[in-house]
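Undergrad: Spelled out, the chains give:
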Amino acid sequence: MTDQLAALIVVIPLVGAPLCMLVRYRDWSWAVATVCTWGSFACSWAVLQQVIAGGPISYHMGGWAPPIGIEYRVDLANAFVLLIVTGIGSVMMPYARESIRAEFGTSRVYFFYTSYLLCYCGLLGVTITGDAFNLFVFLEINSLATYVLVAMGKDRRALTAAYQYLVLGTIGATFIVIGIGLLYAQTGTLNLYDLATRIEDLGPNRTIGAAFGFLIVGISLKLALFPLHLWLPNAYTYSPSMVSAFLAATATKVAVYVLLRFLFSVFNYELTFDALPLDIILAGLALMAMFAASTVAIFQTNMKRMLAYSSVAQIGYIVLGISFASAAGVTAGILHLFNHALIKGGMFLALGCIFYRLATVNIDKLDGIGKRMPFSTAAFVIGGLGLIGVPLTAGFITKWYLVIAAIERGWWPLGLLVLLSSLLAVIYVWRFVETAYLKPVPEDAEPVEEAPGSLLFPTWILIIASIYFGINTDLPVGVSIEAAKQLTGAGG
Amino acid sequence: MIFDYYNYWIVIFLMMAGFYIVIAHDNLIKKIIGLNIFQAAVFVMYISFGKVSGGTAPIIADGLTVYSNPLPHVLILTAIVVGVATTALGLALVVRINEAYGTIEDDEIHEAEEQEP
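Residue numbers (our numbering), protein chains in the order written: chain A, 1 to 492; chain B, 1 to 117.
Do not take every clue at face value.
[As the list claims (entries may be wrong)] Calculated Cβ distances over 10 Å to all of chain A for the following chain B residues:
id, residue
1, F3
2, L14
3, M16
4, Y20
5, A24
6, S53
7, P58
8, I60
9, V66
10, P70
11, P72
12, A100
13, E111
14, E113
15, E116
[To be verified] Now the in silico label distances, taken between C-beta atoms and shown as ranges:
id, chain 1, residue 1, chain 2, residue 2, range
16, B, G55, A, Q4, 31 to 41 Å
17, B, N69, A, P56, 23 to 33 Å
18, B, I29, A, G213, 26 to 36 Å
19, A, I471, B, E108, 50 to 60 Å
20, A, G213, B, N7, 12 to 22 Å
21, B, V52, A, W64, 16 to 26 Å
22, B, V81, A, W64, 14 to 24 Å
23, B, N69, A, G63, 54 to 64 Å
24, A, N472, B, I10, 53 to 63 Å
25, B, G102, A, I471, 50 to 60 Å
26, B, V81, A, T301, 40 to 50 Å
27, B, V52, A, G69, 22 to 32 Å
28, B, E99, A, L276, 39 to 49 Å
29, B, G55, A, L276, 28 to 38 Å
The hints are simulated quantities; they were obtained by calculation from the structure and are not laboratory data. All C-beta atoms, glycine included, are put in the ideal place defined by N, C-alpha and C.
With the sequences and hints as input, model every part of the structure.
TA: Put into structure tokens, the structure is as follows:
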């Protein structure tokens, strides 16, 4: 049984999705989805323990040995990402019930849970698989489900956002297939680990270089690296609150993991950072993301849109860590992947609580919200402190490691820029604080109750986790350092 | 020399044509058609590099030793299914957009959106 756990992580939600469709009745489909997400979470927790104890796990799908068969290969890096995705996906389930009822209606709610499970399953499949084409298939399962989820938003602009995402997402995915095809044409294998050794043997090669380019651009589109982030703000703004929170916390993170896997495991160091000045390119784009997106975030009136731009900026921090191409840099990247998932997930959920009562998250309508909905507002503000990187929050830990990595790489001005860009985060978080606490409640405001417990509880779990992992950093830091060592070990 | 790689030239032409349609056209359905051409180019690329010179269809028979590589063809079957699903979803979204905005022209939708808060 225990040796099947790796497959179960993906199989449980994949089987659960059609079940949700079959049971139809809204609470039952919610129950099926909850059981599946938590089951998958339990499996990935167990798998992480196995990996910590006994090293990487290789699971052969259907008993076919790799490189012919599809291999599921779990090492520390993807076990950790699996834990993040399943953990966040399951914690949000109690939230889904009330929030989706309010924002999507009750009659066809099983469509939501079916798409949600497929999206969840696709993310896990992308993370766990060791086969390049299998990765593409899961990526498309996830993307198609995501387009559906985004289109479920109440506002009609959700439809155009989903359409825009569909066009850009498909172009990105097609670029990835082109890259995989060129790799296959040159090496004759699709297994990621087999690819790595064959690419190493081939040496510098133009086809491999082209494949590399297509893959990096395709993946960057998926992870919304500036300036390929255009699909993100609309998709996060107009999708249901629950969906924005889930996507912000997991979807781009998984794409970052895929980038890490290709940069460090599949392509060797000479090709990635010697033949191409990829470190400079990535660092430049990351810096632009940090400054441009944060600046745009300051001027947004819709708070969800502000968080969406802030996400683009935060992805900049993660990519900046990766661009150092050192164990310390990748540690910072993986660490921020975890911390940002908690922080941004929690903040989007907190906004969802406000949206649940007020049906708007426009800053003009939020005067004095701190007195009207104290718990939701406090959650948002504490999350905001994490975004800024105030000590004792998870965000501080990442910035600390990022600055250290920058100094270690000899790029200390970048460390300064990281701190400077945090000031921009201070501005956009302060705008909310000022509106929420310092402005009086408008006199004509209707009395508003605090959001129900089923919404507040998951929100606070994520927010408290972001504080907890800012103080007790053993788990994320320990795992990130080891995972980064494993990833960068081959190339230095 | 150039014609040795004619299959790749076809692929590049199709790919760029599809890409151009996606970027240049305002009509949402035309964009989806462009996306389809773009994807079809990739299918052709996979299938053409699975061909082995002088090889036959990969079915075991007496007297034949050289076979084309069937794996890219199988991969592309999967990719075609994905492409069909994407097209179907895209068209479904266009139908909903048409119901919500009364148009499927990108610029007109944009105008309508700018008037909303």
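Undergrad: Against which earlier hints does the structure fall short, listed by number upward?
TA: 11, 12, 14, 15, 23
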